[in-house]
Amino acid sequence: MHVHERNPKRTLITILLFALVIVFGWITMKKPRFNYALTPQQTVDMVINHRGCFHPYELEKVLNHKGGDVILIDIRNNFDFAKGHIPGALNITSVNLLNEENIKQLDEWKKNNVKVVFYHDDQLQANGAWMLFRQIGYSNTYVLLGGYRYFASYKDNLKQSEGTCLKGTAKYDFATVAKKSVAGFGDVSTSKPAKKVKVRRKKKEKAASGGC
Amino acid sequence: MGPLIPNDIITGDWNFVIAILIGIAFGFILEASGFSSSRNLAGVFYGYNFVVLRVFFTAVIVAMVGLLYFDYFGWLDLSKIFILPTFLSPMILGGVIMGVGFVMGGFCPGTSFTGIAIGKTDALFFAIGLFLGIFIFGEAYPYFANFYNSGNMGNVTLTDVTGIAAPWFALGFTVIALAAFWVTAEIEKKVRKNMKEYKF
Amino acid sequence: MNRNYLFLTLLMLVLAIGTFFIKKDDVYKNQIKPETLLQVITQPSRYVTTDQVAKRIIEKDPTLELIDVRLPGDFDKFTLPDAINVPLKDIFTDKGQDNLGIEDLNVVFFSNDDIIADQAWVIATRLGYKNMYVMKGGLNCWIETIINPTMPPETASEIEFEQFRFRKAASLYFTGGSTTQPVSVTKAKVKVRRKKKEKAASGGC
Numbered sequence: 001m002h003v004h005e006r007n008p009k010r011t012l013i014t015i016l017l018f019a020l021v022i023v024f025g026w027i028t029m030k031k032p033r034f035n036y037a038l039t040p041q042q043t044v045d046m047v048i049n050h051r052g053c054f055h056p057y058e059l060e061k062v063l064n065h066k067g068g069d070v071i072l073i074d075i076r077n078n079f080d081f082a083k084g085h086i087p088g089a090l091n092i093t094s095v096n097l098l099n100e101e102n103i104k105q106l107d108e109w110k111k112n113n114v115k116v117v118f119y120h121d122d123q124l125q126a127n128g129a130w131m132l133f134r135q136i137g138y139s140n141t142y143v144l145l146g147g148y149r150y151f152a153s154y155k156d157n158l159k160q161s162e163g164t165c166l167k168g169t170a171k172y173d174f175a176t177v178a179k180k181s182v183a184g185f186g187d188v189s190t191s192k193p194a195k196k197v198k199v200r201r202k203k204k205e206k207a208a209s210g211g212c
Numbered sequence: 213m214g215p216l217i218p219n220d221i222i223t224g225d226w227n228f229v230i231a232i233l234i235g236i237a238f239g240f241i242l243e244a245s246g247f248s249s250s251r252n253l254a255g256v257f258y259g260y261n262f263v264v265l266r267v268f269f270t271a272v273i274v275a276m277v278g279l280l281y282f283d284y285f286g287w288l289d290l291s292k293i294f295i296l297p298t299f300l301s302p303m304i305l306g307g308v309i310m311g312v313g314f315v316m317g318g319f320c321p322g323t324s325f326t327g328i329a330i331g332k333t334d335a336l337f338f339a340i341g342l343f344l345g346i347f348i349f350g351e352a353y354p355y356f357a358n359f360y361n362s363g364n365m366g367n368v369t370l371t372d373v374t375g376i377a378a379p380w381f382a383l384g385f386t387v388i389a390l391a392a393f394w395v396t397a398e399i400e401k402k403v404r405k406n407m408k409e410y411k412f
Numbered sequence: 413m414n415r416n417y418l419f420l421t422l423l424m425l426v427l428a429i430g431t432f433f434i435k436k437d438d439v440y441k442n443q444i445k446p447e448t449l450l451q452v453i454t455q456p457s458r459y460v461t462t463d464q465v466a467k468r469i470i471e472k473d474p475t476l477e478l479i480d481v482r483l484p485g486d487f488d489k490f491t492l493p494d495a496i497n498v499p500l501k502d503i504f505t506d507k508g509q510d511n512l513g514i515e516d517l518n519v520v521f522f523s524n525d526d527i528i529a530d531q532a533w534v535i536a537t538r539l540g541y542k543n544m545y546v547m548k549g550g551l552n553c554w555i556e557t558i559i560n561p562t563m564p565p566e567t568a569s570e571i572e573f574e575q576f577r578f579r580k581a582a583s584l585y586f587t588g589g590s591t592t593q594p595v596s597v598t599k600a601k602v603k604v605r606r607k608k609k610e611k612a613a614s615g616g617c
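Protein chains in written order, with this note's numbering: chain Y, 1 to 212; chain R, 213 to 412; chain G, 413 to 617.
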């Protein structure tokens, strides 16, 4: 008989060690605080369909009824907040949004179906925070179109210039504008070389060579 | 070594150090499992000793199941592990040639060196034959290079080819291995009863 | 036979069956943690001005990769020199991701204004890509500042006039003021760049 067969305890110890390693890994495995609730696909669908936008005219109702089921959150720093903010807004600087107590508060609002509206100076600066919260499952979060800047300029009649705060549209017919200014500078068609598409592709996973 | 060197975490110079350490560990385990004895190794073909089957199957299922868990715990990234490219028919033929050599010589390449390490003469002759074989293969390579390189399926896994999830293979192999352990233990018992003498 | 062996058999079976419950979705395996995402999202350093982009295009900066996230129809009508079209809806697809994370290249996203480019930036950042920027103001601002720059008032500082002179010259450059320029633009970029992948180790038995 070989030593290994004479001493099955050795095998037992080895495999038990294996099992212990797995149990150890299980216990020490870090549970992430947040998980993405939306896939990139769902996130893209959300932003393309303009879901989760809060229009400035909707603010009028909020301001008149005082709170209710809408909470405004000013994510600028408290210096800007002190200089001026939408009445009734809370100030949580964007870097602190994921802090323990803020998340607890947000969870509560989510449970009670309270709309949470983030705003910054303009939509762009609140966009990131809003997209992040939507992606980690806070489907009750919204972003204020136009931001504080729009509110500050038109607070007496929020509906009046609604168009100016809608972003994402072309203000000009780029092709024509770009061409028009060419007048007097020579051949118009030369403004077209932009169409050349470079071949810059990422390398595909390459099989490493090797062997026995 | 692992994903460390290609991703510049440690330099390529470490390759040799790591290779020696792994080599020592590998040789030690082979010797400790009794793989330095050609009687032990060839026993699997005659039915009196299935230690080869047990050791290799244990290695396979422990590594397979272990890797799946390690990937889950985040200790290791399965997608960055090297997978040998599959050449189906050349590999089958190679396996058959290797098997025939195994039965005749009583060693496989790695174990012949553990045999030499503990002073076995048959292992020494096997290793000489091994180098002769390598030399002949190298010289004759142009004649069968076409077949040797035919049917490259790329660096694929069974999951890639069949579309069946990895846990099914893990469970399947484990069941097959465990069944084989019990069946071969019975075969061993019966065969050994008829053997007058058995020593290593 | 041996009770130990029976025990081992059962243990191994349990572990093998356990692998069925540890599946995780590894479709987006380089995804960064939401906490990290918040940290980078709150940094305004991802915004570049139209002037900076114009300067880099004129200087033929080889590290610049412009990505137009508008729809292909708009892209065909007008875009920036050498820009690649990856509509926002394709940003996370394999084809879209091919254009991201190329070694040594800085990606600059742009759209009509900056909001869609910023959304593309957020999604690509979540997927784990780095060295990406958003052109502030987008093409609207590009037209206003580079193509049709407005003369600063006479009271403006020397710096503003300097900027205006730059923009005026850039306007000539981009609208074909010099007929030799576009030719050289088409010639300039033939380099094929590849992203360095995290390689699998080579090895054997």
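Keep in mind that the hints were calculated from the coordinates and are not lab data.
Hints should not be assumed to be uniformly reliable.
Unchecked claim - Below, computed lysine-lysine pairings styled on DSSO-like, alpha-carbon distance capped at 30 Å:
(1) G:K445 with Y:K171
(2) G:K472 with Y:K171
(3) Y:K31 with G:K580
(4) R:K292 with Y:K9
(5) R:K292 with Y:K30
Verification of the supplied hints:
1. Of the supplied pair hints, the one linking G:K445 and Y:K171 is violated, its CA atoms being roughly 36 Å apart against a limit of 30 Å.
2. Only pairs whose Cα atoms come within 30 Å are accepted, and G:K472 paired with Y:K171 is accepted, the gap being roughly 28 Å.
3. The straight-line distance between the Cα atoms of Y:K31 and G:K580 is roughly 55 Å, outside the 30 Å bound, and the hint therefore fails.
4. For the given pair, R:K292 sits about 36 Å from Y:K9 by alpha-carbon distance, which is inconsistent with the 30 Å threshold.
5. Restraint check for R:K292 and Y:K30: satisfied, since their Cα atoms lie roughly 22 Å apart, inside the 30 Å limit.
In summary, the numbered hints that this structure violates are 1, 3 and 4.
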